[in-house]
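For the protein sequence lines, the chains are V and H, in the order given.
Start counting the first sequence at 1; every next residue gets the next number (my numbering).
Start counting the second sequence at 1001; every next residue gets the next number (my numbering).
Worth flagging that the hints you see were computed from the coordinates, not collected in a lab.
The reader is advised that the hints may include incorrect statements.
Stated by the list, open to error - Below, in silico cross-link-like pairs of lysine to aspartate or glutamate (DMTMM-like), each with a Cα-Cα straight-line distance of 25 Å or less: (1) H:Lys1294 <-> H:Glu1037; (2) H:Lys1294 <-> V:Glu313; (3) V:Lys420 <-> V:Asp378; (4) H:Lys1294 <-> V:Glu224; (5) H:Lys1016 <-> V:Asp351; (6) V:Lys176 <-> V:Glu367; (7) H:Lys1228 <-> H:Asp1049; (8) H:Lys1011 <-> V:Glu175; (9) V:Lys143 <-> H:Glu1285; (10) H:Lys1013 <-> V:Glu175; (11) H:Lys1283 <-> V:Asp173; (12) V:Lys364 <-> H:Asp1032; (13) V:Lys252 <-> H:Glu1298; (14) V:Lys354 <-> H:Asp1027; (15) V:Lys364 <-> H:Asp1027; (16) V:Lys390 <-> H:Glu1285; (17) H:Lys1016 <-> V:Asp173; (18) H:Lys1016 <-> V:Asp318; (19) H:Lys1283 <-> V:Asp135; (20) H:Lys1013 <-> V:Asp361; (21) H:Lys1016 <-> V:Asp317; (22) V:Lys36 <-> H:Asp1027; (23) V:Lys176 <-> H:Asp1291; (24) V:Lys143 <-> H:Glu1037; (25) H:Lys1016 <-> V:Glu367; (26) H:Lys1294 <-> V:Asp329; (27) H:Lys1016 <-> V:Glu313; (28) H:Lys1228 <-> H:Asp1056; (29) H:Lys1011 <-> H:Asp1032; (30) V:Lys176 <-> H:Asp1027.
Stated by the list, open to error - Stretch by stretch, here's where chain V covers chain H in the computed footprint (C-beta under 8 Å, at least three residues): (31) 1012-1020; (32) 1025-1034; (33) 1281-1291.
What the hints assert, rightly or not - Reference excerpt, derived from the structure (chain V facing chain H, CB under 10 Å, subset only): (34) Ile180; (35) Arg212; (36) Thr306.
Virtual Cβ for every residue (Gly too), placed ideally from N, Cα, C.
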Amino acid sequence: MDGPQRHRILMVSDFFYPNFGGVESHIYYLSQCLIKLGHKVVVTTHAYGNRSGVRYMTGGLKVYYIPWRPFLMQNTLPTFYGTLPIIRTILIRERISVVHGHQAFSTLCHEALMHARTMGYKAVFTDHSLYRFADVGSIHMNKVLQFTLADIDQAICVSHTSKENTVLRSGIDPEKVFVIPNAVDTAMFTPAPKRLCYDEIVIVVISRLVYRKGADLLVEVIPEVCRLNPNVRFVIGGDGLKRVRLEEMREKYSLQDRVEMLGAVPHAQVRSVLVSGHIFLNSSLTEAFCIAILEAASCGLLTVSTRVGGVPEVLPDDMIVLAEPTPVDMTRAIKEAIEMLPNINPQAMHDRVKKLYSWQDVAKRTEVVYDRALLCSDVSLLQRLPRYLKCGPWAGKLFCLVMMINFLLWQLLQFWQPSKSIEEVPDILILENEDNEICGKLRMP
Amino acid sequence: MESEAKKSSGKHKWRKVAYGGMQPGYDDNYTDDSFLEGMVMNANVVKRDLFKVMLDSVSISQYLCIAALVVIVWIQTLHSVIDEISLLSLDAGLLGLGFLIILLTTSQLSFHLFLHYLMKISFFISGLYILAPVYHTLTRSISSDSIWALSVSLLLIHLFLHDFSGYTIRPPGAKNNPTLASNISLNASIIASVLIASRLPSRLHVFALMLFSLQVFLFAPLVTFCIKKYSFWLHLWFSFILMSMTLSIIFVMHRMLFVLLLALIVFISIVCPYWLIQIQEYKFEINGPWDEAKLCFEITE
Chain V
1 MDGPQRHRIL MVSDFFYPNF GGVESHIYYL SQCLIKLGHK VVVTTHAYGN
51 RSGVRYMTGG LKVYYIPWRP FLMQNTLPTF YGTLPIIRTI LIRERISVVH
101 GHQAFSTLCH EALMHARTMG YKAVFTDHSL YRFADVGSIH MNKVLQFTLA
151 DIDQAICVSH TSKENTVLRS GIDPEKVFVI PNAVDTAMFT PAPKRLCYDE
201 IVIVVISRLV YRKGADLLVE VIPEVCRLNP NVRFVIGGDG LKRVRLEEMR
251 EKYSLQDRVE MLGAVPHAQV RSVLVSGHIF LNSSLTEAFC IAILEAASCG
301 LLTVSTRVGG VPEVLPDDMI VLAEPTPVDM TRAIKEAIEM LPNINPQAMH
351 DRVKKLYSWQ DVAKRTEVVY DRALLCSDVS LLQRLPRYLK CGPWAGKLFC
401 LVMMINFLLW QLLQFWQPSK SIEEVPDILI LENEDNEICG KLRMP
Chain H
1001 MESEAKKSSG KHKWRKVAYG GMQPGYDDNY TDDSFLEGMV MNANVVKRDL
1051 FKVMLDSVSI SQYLCIAALV VIVWIQTLHS VIDEISLLSL DAGLLGLGFL
1101 IILLTTSQLS FHLFLHYLMK ISFFISGLYI LAPVYHTLTR SISSDSIWAL
1151 SVSLLLIHLF LHDFSGYTIR PPGAKNNPTL ASNISLNASI IASVLIASRL
1201 PSRLHVFALM LFSLQVFLFA PLVTFCIKKY SFWLHLWFSF ILMSMTLSII
1251 FVMHRMLFVL LLALIVFISI VCPYWLIQIQ EYKFEINGPW DEAKLCFEIT
1301 E
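Using the sequences and the hints given, assemble the complete structure.
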């Protein structure tokens, strides 16, 4: 037996450090764990402000900030073929074997996957969010997703509900979609060293205060809960358009001493805010997989959440209380959680989350997906084009045309800038020798 | 042997959960039989009846005929067939007729409200009379071709974006706000009236035609809505009379336009409902646990 195959992975997305978020931390943690397993990972994203060019992060993770400016909500301008030269250069330089794109909303991801398939590389796609079907923006985005997934090798979704949503949106074969959830860095999110006393119950809310995250539900629920339970206090971290409504609610019901608004909480301080509370409240109206709930559970808080999307799959029933997204049911759920509190042991909860979720496990399962992707046979352009014709009577032909032009441009580039003239990068392995010293070892191709 | 039998009988049952890592005995791409069992298709779709859709399309043909009548009056005034005195008497007649219809069909019109309306209308008429000289010289430097082209396009925009089910000018106390599209259509019709009126010879002409056009565009939807609400049969009779009147006037004026209008009315009343019902069978509305939750309460700012 040869031993496990060493993959050379290119992660592509518009969303990466220095931005903070679910997709960004997913890419970072997954890359770090894959490097620890012995694979080579390179990340490609667009330039953030002055941060352009090649940067190295922890563990030798190489990040290409390609010099394209974002134009709308951190997305690069979609030019279809403009990114072909640079993606080709990166793929040849780093001798990539698998291209892994993240997030359906990222234009760079779709373009990179299109170029990767044209040039014959294996492609994997991860979808991180749930989307609708019926409004104009969603219809167009689903069509783009259908184009990308028509010729993808494997796809990954972060929850079973997300898998159903992705399969319906894109028409991909369900056997091609793997369900690998996110995880949480339990070393960073540890419970408070001393257990809090239960005289005053503190309910923590940390989210962006926007419509999608259920800030309007909070406005209805908080006064009711404060009225019914005199010993409850709220701590709200986060900022957004609905913050004004929450401040108004505070004024209207005179809850200034019982509702504390912290404003935007930097990522490094999220843990200290979480461990100051007993219960974590999540009122989102839609979530594919809520990492915030995992972070709260890792810190030993009992979670109360709305039953939407993939949330029921995230935690076992004794660590979360679910409610319908109505004020009445959420008040009932909070009351139930307060009664459950004395039986909760934060340290035991943290240990359980450590066993249930780990990024190493996610990386091992993703490795299986890469192995499966590499087993897919190589197909020529003529064999790939019929896959696009299935997308629709008009769209299918348009997509075929787009891919044919991409192929021709690639041939032109191969003639103009041959692969032999692109210098290949030697691998640098970060090793620890017996004295636990970190040293780098150069490995020539 | 025993342990093997135990293993096969104690096979872990697949659960729809994300925690606990890979479920033993199942790959990550395992698709259970319960896949997509929460999906609901076409939950809110209403099955339509051909005859009812045809009756509903009468509102559209009716408004089309009203717009055609306005255009006929414009053309006749521009060709000096109708003089300003008859225009003014037409305005007064339409105003009286409109008020009568609203009085008869709406039961709750108090005397106070009637006086309120009367005051508003007199302000409107006096304002228009004062501004008539401005409109008279407004487009003097613009060529006639641009005016006709602009008016035609504006009228088309007005017809496309018009709200056929309601009315944009709300009486006081109405609850729903008009939509953006109906506001745009109303503005387009007003601009078209101003452009056409500015081509007329005298200020009195301008005033009379502007008053006529604005009366029709602003208040005709309200009047037709009141008629429809009062009695559906009255609405059908009114539309039928209106359509025949329009068609007969155009028949006298111009044969080809008559054929065009007739074809358009037939298309709207018969072909479109049939087509709508035929393509309804392609409707595919998907709902499921992945939907964004709808709030059950109103957000009061």
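Decide if the proposed pair is consistent with the structure: H:Lys1011 and H:Asp1032, CA atoms, cutoff 25 Å inclusive.
Holds: H:Lys1011 and H:Asp1032 sit about 15 Å apart, inside 25 Å.
Compare the distance between the alpha carbons of H:Lys1016 and V:Glu367 with 25 Å, and conclude whether the hinted pair is satisfied.
holds (22 Å)
So, as I understand it, the hint says V:Thr306 touches chain H; can you test that by seeing if any CB pair is closer than 10 Å?
Nearest chain H Cβ about 7 Å off; hint holds.
Is H:Lys1283 close enough to V:Asp173, meaning Cα to Cα at most 25 Å?
holds (23 Å)
Tell me if the straight-line CA distance from H:Lys1228 to H:Asp1056 falls inside 25 Å.
Holds. H:Lys1228 to H:Asp1056 sits at ~11 Å (cutoff 25 Å).
Does V:Asp318 lie within 25 Å of H:Lys1016 when you go C-alpha to C-alpha?
The given pair, whose Cα atoms are some 16 Å apart, holds under the 25 Å limit.
Checking one constraint from the list: CA of V:Lys143 to CA of H:Glu1037, max 25 Å. Satisfied?
This hinted pair holds, its Cα atoms lying about 24 Å apart.
Within 25 Å, alpha carbon to alpha carbon, are V:Lys36 and H:Asp1027?
holds (23 Å)
Is the Cα-Cα distance between H:Lys1294 and H:Glu1037 25 Å or less?
With a Cα-Cα distance of about 21 Å, the restraint between H:Lys1294 and H:Glu1037 holds, given a limit of 25 Å.
So if I understand the rule, the pair passes when the alpha-carbon distance is 25 Å or less; does V:Lys143 with H:Glu1285 pass?
Since the Cα atoms of V:Lys143 and H:Glu1285 sit roughly 16 Å apart, the hinted pair holds (cutoff 25 Å).
Please work out if H:Lys1013 and V:Glu175 have their alpha carbons no farther apart than 25 Å.
holds (19 Å)
So is the segment 1025-1034 of chain H in contact with chain V by the C-beta rule, three or more residues under 8 Å, or is the coverage claim wrong?
Check passed, 4 qualifying residues.
The structure shown violates none of the earlier numbered hints.
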